[in-house]
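A.B. asks: In the numbering used here, the protein residues as written are 896 to 1256.
Quick caveat, the hints were computed from the structure, so don't treat them as lab data. Computed from a predicted model, the values in this text were never measured in an experiment. Ideal Cβ positions, reconstructed from N, Cα and C, are used throughout, including at glycine. It is possible that some hints are incorrect.
Computed spacing ranges between beta-carbons, pair by pair [stated by the list, open to error]:
| id | residue 1 | residue 2 | range |
| --- | --- | --- | --- |
| 1 | L1222 | M896 | 32 to 38 Å |
| 2 | L1239 | L1173 | 14 to 20 Å |
| 3 | E1117 | T1228 | 28 to 34 Å |
| 4 | Q1039 | K1114 | 32 to 38 Å |
| 5 | R1207 | A987 | 38 to 44 Å |
| 6 | V922 | L1052 | 45 to 51 Å |
| 7 | R915 | R998 | 40 to 46 Å |
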Amino acid sequence: MKTIVFAGGLALIGTLLGTRLAIRFLVQKGYGQLIRDDGPTSHHVKRGTPTMGGLVIIAAVLVAYFGSHLLTWTGPSASALLILFLFTGLGAVGFLDDWLKIRNQRSLGLRSKAKIAGQSLVAIVFALLSLQFPDERGITPASQYISFLRDIDFLKLPVFLVVIWVILLIAAASNGVNLTDGLDGLATGASTMIFGAFTLVNIWQYNQSCAYTASAGPKCYEVRDPYDLAVVAIALAGACFGFLWWNAEPAKIFMGDTGSLSLGGALAGLAIFTRTELLLIILGGLLVIEVMSVILQTSYFKATRRMTGTPRRLFKMTPIHHHFELLGWAQVTIVMRFWIICGLFVSAALGIFYAEWVAGT
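When you get a sec, could you build the whole thing from the sequences and use the hints?
C.D. replies: If you want it as structure tokens, here you go:
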């Protein structure tokens, strides 16, 4: 338990102190956010706010993870290292996107095909490696089964479909966080709650692991390295919480794609390794709402244009938090209410997770 406490504390302190230094450095270099002309006009005042704050989050998580293991003199696990690979790999794709925006002084960085290719390459390597490294019981970090609260026995996939499934999960989660990251503190606060939930899930799976048959109940969990996954999850939660100090309205810094893509990838990786892939739909319900608003808006626009010749919109603007902005809601009101929605989804997911175990005991 000491490793978990140290990881959370180090990550929190890392972003609290490190972000302040990053803001000063980024302001001196002129690495500010460019605002899209097709976004809400109220966002134009944010032009020039330092971006790429995700670099601080990534650094804090890495230092917290390895520092906590050094303090407790314990070794890293294969599962945790793979999550950190996915986290930093997608962060590198996001950093390239952010850097191109700043260098070219435009609101668009990587072309969509290049961005998808980068995400897919990292996801493919992660997927293939995740099916390796069995422990002494033969459990690999990922499995070939689709999971909800644990592996679903009749939904076993061949390896090539596992890779495709992992790519879809990572793309959905990373783009979900990316779309949610449109108001000061919205994605950061939501990510803190979801990573906090994964910490509880991993601690529970560790206490009820099938590796400890003497203490585990009849519904034990076949998960590789649940304790070390809890260390990663709390480091992510702590880093996001510390970053929120500077990212809350009015934001002194934005995480950029560097942060949003990396955090989304970590969410997907934790869901895959904890065998809670479909539960992530509930756990990250707020992210799902944000993504679905964009899909519905685009689909309705194209359908009405094709059927009537006059395209129409379901919402004033998407992602849906912009719709409420254009209705006249204050940004802080939207963020607080969306955090409440996120908290309800997280609570519901944890309730379902625990209820399934209780029902099986």
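A.B. asks: Range hint 45 to 51 Å: satisfied by the CB atoms of V922 and L1052?
C.D. replies: Holds - the Cβ-Cβ distance for V922 and L1052, about 48 Å, lies within 45 to 51 Å.
A.B. asks: Within 40 to 46 Å: is that where the Cβ-Cβ distance between R915 and R998 falls?
C.D. replies: violated (25 Å)
A.B. asks: A range of 38 to 44 Å was offered for this pair. Does it hold for the Cβ distance of R1207 and A987?
C.D. replies: holds (40 Å)
A.B. asks: For the hint 32 to 38 Å, verify it against the beta carbon of L1222 and that of M896.
C.D. replies: violated (46 Å)
A.B. asks: Tell me if the beta carbons of L1239 and L1173 are separated by a distance inside 14 to 20 Å.
C.D. replies: holds (18 Å)
A.B. asks: Confirm or reject the claim that E1117 and T1228 have a C-beta distance inside 28 to 34 Å.
C.D. replies: violated (44 Å)
A.B. asks: Given a hinted range of 32 to 38 Å, is it respected by the beta-carbon distance of Q1039 and K1114?
C.D. replies: Distance hint for Q1039, K1114 is violated at roughly 21 Å.
Hints 1, 3, 4 and 7 from the earlier list are contradicted by this structure; the remaining hints agree with it.
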